[in-house]
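**Q** As they're listed, the protein sequences go chains A and B. Numbering follows the working numbering, with no gaps: position 7 of the first sequence is 10. Numbering follows the working numbering, with no gaps: position 198 of the second sequence is 201.
Everything labelled a hint here was simulated from the structure, so no lab data went into it. Being a predicted model, the structure only gives us computed values, none of them experimental. Any given hint could be a false lead.
What the hints assert, rightly or not - In silico lysine-lysine, DSBU-like type, Cα no more than 35 Å apart, as pairs:
(1) B:K197 <-> B:K257
(2) A:K24 <-> B:K197
(3) A:K197 <-> B:K24
(4) A:K298 <-> A:K225
(5) A:K301 <-> A:K287
(6) A:K310 <-> A:K47
For reference, the chains in residue letters:
Protein chains: 2
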Amino acid sequence: MKNSIFEPVEKELVLVENGIKAIADVEYTWLAELLDYIVNSGGKRVRPTLTLLAGKINSRFNLDSLIPVATGVELLHTASLVHDDTIDLSMRRRGKPTAASIWGWGIATLAGDYLFSKAAEFVSQANSVRADRLFAQTLMALCTGELEESFSSFDENQTRERYFRKIGNKTASLFSMATESAGIVNEAPEQEIKALRAYGYNLGMAFQVVDDIFDFTADEDKLGKPVASDLLQGNLTLPAIMLKERYPEDNPIKAIFENRGKEKSLDLAIEMIRNSGIITDCYKVAQSFTSEACKTIKTFPDKPSRKALLEIAGYVVERQK
Amino acid sequence: MKNSIFEPVEKELVLVENGIKAIADVEYTWLAELLDYIVNSGGKRVRPTLTLLAGKINSRFNLDSLIPVATGVELLHTASLVHDDTIDLSMRRRGKPTAASIWGWGIATLAGDYLFSKAAEFVSQANSVRADRLFAQTLMALCTGELEESFSSFDENQTRERYFRKIGNKTASLFSMATESAGIVNEAPEQEIKALRAYGYNLGMAFQVVDDIFDFTADEDKLGKPVASDLLQGNLTLPAIMLKERYPEDNPIKAIFENRGKEKSLDLAIEMIRNSGIITDCYKVAQSFTSEACKTIKTFPDKPSRKALLEIAGYVVERQK
Numbered sequence: 004m005k006n007s008i009f010e011p012v013e014k015e016l017v018l019v020e021n022g023i024k025a026i027a028d029v030e031y032t033w034l035a036e037l038l039d040y041i042v043n044s045g046g047k048r049v050r051p052t053l054t055l056l057a058g059k060i061n062s063r064f065n066l067d068s069l070i071p072v073a074t075g076v077e078l079l080h081t082a083s084l085v086h087d088d089t090i091d092l093s094m095r096r097r098g099k100p101t102a103a104s105i106w107g108w109g110i111a112t113l114a115g116d117y118l119f120s121k122a123a124e125f126v127s128q129a130n131s132v133r134a135d136r137l138f139a140q141t142l143m144a145l146c147t148g149e150l151e152e153s154f155s156s157f158d159e160n161q162t163r164e165r166y167f168r169k170i171g172n173k174t175a176s177l178f179s180m181a182t183e184s185a186g187i188v189n190e191a192p193e194q195e196i197k198a199l200r201a202y203g204y205n206l207g208m209a210f211q212v213v214d215d216i217f218d219f220t221a222d223e224d225k226l227g228k229p230v231a232s233d234l235l236q237g238n239l240t241l242p243a244i245m246l247k248e249r250y251p252e253d254n255p256i257k258a259i260f261e262n263r264g265k266e267k268s269l270d271l272a273i274e275m276i277r278n279s280g281i282i283t284d285c286y287k288v289a290q291s292f293t294s295e296a297c298k299t300i301k302t303f304p305d306k307p308s309r310k311a312l313l314e315i316a317g318y319v320v321e322r323q324k
Numbered sequence: 004m005k006n007s008i009f010e011p012v013e014k015e016l017v018l019v020e021n022g023i024k025a026i027a028d029v030e031y032t033w034l035a036e037l038l039d040y041i042v043n044s045g046g047k048r049v050r051p052t053l054t055l056l057a058g059k060i061n062s063r064f065n066l067d068s069l070i071p072v073a074t075g076v077e078l079l080h081t082a083s084l085v086h087d088d089t090i091d092l093s094m095r096r097r098g099k100p101t102a103a104s105i106w107g108w109g110i111a112t113l114a115g116d117y118l119f120s121k122a123a124e125f126v127s128q129a130n131s132v133r134a135d136r137l138f139a140q141t142l143m144a145l146c147t148g149e150l151e152e153s154f155s156s157f158d159e160n161q162t163r164e165r166y167f168r169k170i171g172n173k174t175a176s177l178f179s180m181a182t183e184s185a186g187i188v189n190e191a192p193e194q195e196i197k198a199l200r201a202y203g204y205n206l207g208m209a210f211q212v213v214d215d216i217f218d219f220t221a222d223e224d225k226l227g228k229p230v231a232s233d234l235l236q237g238n239l240t241l242p243a244i245m246l247k248e249r250y251p252e253d254n255p256i257k258a259i260f261e262n263r264g265k266e267k268s269l270d271l272a273i274e275m276i277r278n279s280g281i282i283t284d285c286y287k288v289a290q291s292f293t294s295e296a297c298k299t300i301k302t303f304p305d306k307p308s309r310k311a312l313l314e315i316a317g318y319v320v321e322r323q324k
């Protein structure tokens, strides 16, 4: 991401980073090592940046509450990644071995739980019951989205509507919490809180749609996993759903799900998606979400923080895997 | 447990039960089925009973806040059991197959996360940031205790001090939250909150010590797992620690941990613990905790709720597996 995105909240991000690092300052050396490994495993800190920018765009600005909430948002994200990796038996993330692959999935599960509690504790430092409740509801949405993915895998009837609901839960909920919570702890007018929530939600939707595009367009090296791994795992994302919509009678998804000539059918699906204009249409969907995101924050005053939020929206659809 | 323990809060417990059951009222039938199975898997609802009794013993009584907090406490307990069973690969709990054994550990992990979020949401309904923070810290303590158990397994240097710290985290923390939170949401004087916290903590310590005694004294049928399974899993509980203390040079623990003649050594350890007065000494430790628990609530007025809390303390050491 461009530096101009982080610039308006550079100082505050250092405080968030310090808070995250301090988590590993615990009495037990074995726990310190485990936590240190997890919280310093990279990551661009997009979500706390959103919280801080949303906090600065607001008509009120309460730094003492924004820092712990931004830290809590990032830790909630980290904790959910630890559990995702554990559940999916993923061996690597961001080029490094996952906690589960080093410590085993039992300890990784507990470490994820520990980070959930740390995230909740940070959010509670903002002294806002409403923010605490939003935290709980966000965790609930994340779990619902992941559970929905588990339960619907290899189900051919995954529709566009169900897809949007699923990514709304598993991805957009955390983005919308990131921005909405800033409005809440700033005690901003309800209208501002609503706008920030809508910005985050739409940004998150676009983010996930683009990630799901990458799964078909990037190569294995950049993905760090096989191309079309979603499809292989039985999850229909937007490109695959569009493939089904375009060729309802003649698409290879049924064969992939039924494991018939899997490799050949998978290659065919990738080729059909890449060469059919589906990718362009998916990008249009992502762009309609980011347009909506940008629209919601137009009423805020023209500050560097608003400019950065608009830039992030551009980045989300323009980024390369 | 005797009915007289539940009597002072009978009506309130119905409300808690309704709240727990309502969790399964979700749009997705697959999720409803999963949640329904987990939250209706038995359990004596000891912890919410403690919250309600502690709420009624207080000089103030705020029912609207106590019910959601008591519900949250029970759900936190349920969620942590789901994760414990998942991590330990347990097939049965309370005579029924575990969620992990039916739905697989990935979905069970997510279901546990979902219940953590539900628990947090219930607690947040009490509109007390302090209660929210206590919730987060309790989850943190539970994880720390479980992680400590994982990291110290098959380590011969597990001392009495480390044992008390571990069970303080993994068990007593939730009991102390159950009673302390009642004081918090009632906005009771600090001294009362402190007394309730101490009651819950000491009761929880006694509860775990007695559970650890059962692991050596009960038979396999009643335990639902092999006798001395803690020792088999490399965890030294109070009876085993006392065995080490009494016979520092001549005890079979080293052999069990090193897997030398495991079965014979295990039988020897069980026999030595059963026939050495160690069990009596362990019960003395449990009783000293319950005495301390009872002492802390002596200053409260003589109400049925106080009587019930004193009875619970008696029950904890007198119960049979």
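**Q** Hint numbers the structure violates, sorted upward?
**A** The structure breaks only hint 1.
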